[in-house]
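There are 2 protein chains.
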Amino acid sequence: MDIKISKVRLLDGRTVDIAIEGDRISDLCGDVPGNADIEIDGSKFIAMPGLVNCHTHAAMSLFRGYGDDMPLDKWLQERIWPAEAKLTADDIYWGAKFACLEMIMSGTTTFSDMYFHSERTAQAASDAGMRALINEGYIDLGDPDKREVGKKETLESLEKIKAIGDPQVQPALGPHAPYTVSKEGWEFMCGLAKEQDLLVHFHLGETAQNIEDVKGQSGMKPVEFLNSVGVFEDRCTAAHGVHFDDEEIKLLAQKGVNIIHNPESNMKLGVGSKLRYRELKAAGVNICLGTDGSASNNGLDMFTSMKFAALLSKMDGYPEAMPALEAVELATVNGAKALGIDAGVLEIGKLADIILLDKASLCFHPGFDHISDVVYAADGSCVDTVIIGGKIVMQGRHVDWAEECISKMTECSQKFRS
Amino acid sequence: MDIKISKVRLLDGRTVDIAIEGDRISDLCGDVPGNADIEIDGSKFIAMPGLVNCHTHAAMSLFRGYGDDMPLDKWLQERIWPAEAKLTADDIYWGAKFACLEMIMSGTTTFSDMYFHSERTAQAASDAGMRALINEGYIDLGDPDKREVGKKETLESLEKIKAIGDPQVQPALGPHAPYTVSKEGWEFMCGLAKEQDLLVHFHLGETAQNIEDVKGQSGMKPVEFLNSVGVFEDRCTAAHGVHFDDEEIKLLAQKGVNIIHNPESNMKLGVGSKLRYRELKAAGVNICLGTDGSASNNGLDMFTSMKFAALLSKMDGYPEAMPALEAVELATVNGAKALGIDAGVLEIGKLADIILLDKASLCFHPGFDHISDVVYAADGSCVDTVIIGGKIVMQGRHVDWAEECISKMTECSQKFRS
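Protein chains in written order, with numbering that gives the first Met the number 0: chain D, 0 to 417; chain S, 0 to 417.
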C-alpha cells in the first residue's frame, strides 16, 4: 500500500480508512489492515473527491484584474486581445502554472483547458502534477487561410501534448464556438475526434448575439447547426449554455451533450440570462461546472463556483432547485463523466484524486451537514491536502514549487502594465 | 503614537505610513516621523477600511447547515423555530461570539445585529473587541399582550447593553418587519428612537408575500405604511429590499432610508427577485451590505458578499452596473454612514478600524488592480491583521480566544443534533 488515510470523515458522515496503491483507491472501509509507505492521520480531515473544473483558460491568470466592469466587446477589443497579442509561449507556461497552483490550493484536481500555445499549458499541468485535458483553441471565421493555419496548429498541439508522455495530461479538441468556426472547421474536428477518440470542448449559447450570428450564418439555431455538422455524435462539452430554448434542451439531452455551467463568468460579463438548470436537469442533461478563465471570474476557486451555481438556481423562487449535494455532483462526478475520467467519487478502483479538507476550519462548525458546509460555507482555503493519481501534490497547504511560480508569473505580467 | 503601520499599500495603489493614537487614525502620509509602541511592517500588506456588515443574526451561526434547500416557510416552521425554542442565553453568547470570530477572521470590524437575548450578543461583541450595534428583535403580530412583552424586552435590552459600558457596542432598535409589527409597535419604536437617538433596523420587502400581507393589514404598500408610522424620520436601515416599485424607491430616496443588500441570503431563500441596484443608485439611495445570519447564507464572509453583490447587479446585461469600487463602498463607507459610525475610510481623524490583507495571497497576483482583486478574487482568508478602534484583535490570523470559542459553540450546538 502506498498511502493510507486513516479514520477520515466522508461527506456522508461515515468515518473510514482509505488505501491507495499506484494511482487508484485500492480499499475504502471502516478498518483497512496493514501499513503504508505514507500514513496520513485522517482524523483532522474531511475527504472528498478532487474537484473537476470543466472550463478554463488557465494562462489568463496573467490578466486577472486587467480589465473589469466593461461590456464584453469593449473588454475583448480594448483589453484582452491587445494583451494576448503580446503573449509568448513562456508567458503561457507561467500563467498556466500559476493557475495550476491556484487550482490545487483550492481543491481542483482536474481541469479542461482551451487556449493557444496549448502544449505549454499541458507542460505546466504535467509539471504541477495535475490531471488535465488540454486543447488548442481553433477559430477560422469562415476564412480558408485561417482554417489551414488552425488545422495545422490543432494537429501540432495533439502531437506535442502526446509527446509530453504524461498519462494524466491528454489532448482534446477546441473548436471555439458555432459563430467563429465554419462548417468545414467543424467537420475537420469531428473527423479527428472520431479518429483519435478525443473530447470536443467548445463555447455554446453564451450571449444572445452569438445566437443571432449563427442564425445569420447558417439559418439554424446554434444547437441545430452543431447537430447538423455531426459534433454531437462525439464526446463533447459545451461551456456557458445560457441561451437555449426548450427544443434545443431536448436535442442536447437526446444527444448526450455535457453542459458546463460557468455561473460567475456569465454573471460578471452580464450575458443577460442564466443556465436553465431546472429544465436541463429535468431533460436529463449531464451538467458540470467550470470557473472560466481568471480574466472573467476572477478566480479559480470551485468552492465559490458551487455556491454561485446553487444560489443562482434558486433565486427566482426555487429554494429546492439545486440542493447542496447536486452542486457537489456538478463539481465532481458529473465533471469526471463529461471528461471521460474514472474519478469524481471515492470508491474502490477509482482514480485516487482526493482532497482533504481541514475540519478545524470555521466553515465546518458546528458541522451539522458537511455537504451543506462545503457548498454554502466553505471556500478553497479549507483544503489542506491534495492527492492526484495517488501522488501528494499539496500537504499542509504547502506546494514545493509555489514561490518560483508566483515570482515568474508576476514577472511575465510586467509587460501588460500601462 | 500607539501603532505605526509602515509602508503599507492602499487600495488606490499609494504606499503610506499609517499612525494610530487611541482609537483614531492620527496620521496617514508617505512618511510619518517617529516611533510607536507597536510597529507593524506594512510592506507585506494592503490596508483597507474594516468591513461593515449591516445585517446579521450572529447567534444563528449555531444553525449553519441545520436546514437548507427548503422553502422559507417550511425552513422556519420545521427547522429554525423549533430549534430557537431550545436556545438559552448562554447558547446565544457562544453562537454570537463564534460569529464574531468568523467576522474578524474575514475582515469585518463592525456589525449590526438583530436577535433575542441581545444583551448576550452585545457582551460577545464587546469581549471580542468588535464594534457593533445590537438590537432586540421585536414582533407583536398585532397582539396587545405580545406588544407589552416586546416593549419590556426592548427597554431592558437598551439598559443591559448600555450597562456593558463599552463605547464600541451600542444598542439599537429592532422592529422586525412591517408585516410582523403593528402600527402601535412602530409608534413605540419611533418614540424611543427620537428620545434616545437610536438606529432603527428592520426587514423590508424580502418576499412578495410580505408585500401582500402588509397591504392586507394596512391597505398600504410596506414602504407607504412605514412612512405613515413616521419611522423614516429616524435613522434607519432596511434589510433585503428586493420588492420595491419605482414609487417606493423614490420615497426611500427622499426619506434617506439606508437599504441593506443581502445578496446571498436573498438568492438562497429564493425570494423571487433581486435588489434593483441600478434604480436605487440612480435615485440616490445609500446602499450598504450584509450577510444575514449563517443559517441562510451560510457564512459571514463579506468578501464573498461583495462578489455576489457586484455580479448580481451585472447579470441581466449590465456589466458596468456595480464596478468593483462601488462594491467596496457598499461594504465600507456606505455601511459606516448607515450605522452612524465615523469610519469606513482610511483618513486622518477617522476611527482606526483597519484590516491588513496579505499581499502574498494568490488572489493579489499579478496585482493589476487591488480593488478588482478584493471584490472579484479575494475571500476572507486573505485577511492577516484586524484593528478595531486602535486595538489589534487579530494578527497573523491568530485570535487569542479562538480555540475556547469554537469548542464552546460546538458544545452548545449538540442539543440540536437529531
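FYI, nobody ran anything at the bench for these hints, they're computed from the structure.
Accuracy of the hints is not assured; some may be wrong.
[To be verified] Below, computed lysine-lysine pairings styled on DSSO-like, alpha-carbon distance capped at 27 angstroms: (1) S:407 with D:358; (2) S:273 with D:414; (3) S:249 with D:280; (4) D:414 with S:407.
[To be verified] Among chain S residues calculated to face chain D with C-beta under 8 angstroms, some are: (5) 70; (6) 215; (7) 218; (8) 310.
[What the hints assert, rightly or not] Residues of chain D placed beyond 12 angstroms of chain S at every Cβ, according to the derived structure: (9) 36; (10) 146; (11) 214; (12) 224; (13) 269; (14) 283; (15) 300; (16) 315; (17) 377; (18) 378; (19) 415.
Note that the coordinates shown come from a computational prediction; the quantities given were computed from them, not determined experimentally.
In this text, a Cβ means the ideal position worked out from N, Cα and C, and glycines have one as well.
Against the structure, the hints:
{"no.": "1", "hint": "S:407 with D:358", "result": "holds (16 angstroms)"}
{"no.": "2", "hint": "S:273 with D:414", "result": "violated (40 angstroms)"}
{"no.": "3", "hint": "S:249 with D:280", "result": "violated (41 angstroms)"}
{"no.": "4", "hint": "D:414 with S:407", "result": "violated (52 angstroms)"}
{"no.": "5", "hint": "70", "result": "holds (5 angstroms)"}
{"no.": "6", "hint": "215", "result": "violated (20 angstroms)"}
{"no.": "7", "hint": "218", "result": "violated (26 angstroms)"}
{"no.": "8", "hint": "310", "result": "holds (4 angstroms)"}
{"no.": "9", "hint": "36", "result": "holds (31 angstroms)"}
{"no.": "10", "hint": "146", "result": "holds (32 angstroms)"}
{"no.": "11", "hint": "214", "result": "holds (19 angstroms)"}
{"no.": "12", "hint": "224", "result": "holds (24 angstroms)"}
{"no.": "13", "hint": "269", "result": "violated (4 angstroms)"}
{"no.": "14", "hint": "283", "result": "holds (21 angstroms)"}
{"no.": "15", "hint": "300", "result": "violated (7 angstroms)"}
{"no.": "16", "hint": "315", "result": "violated (6 angstroms)"}
{"no.": "17", "hint": "377", "result": "violated (8 angstroms)"}
{"no.": "18", "hint": "378", "result": "violated (4 angstroms)"}
{"no.": "19", "hint": "415", "result": "violated (7 angstroms)"}
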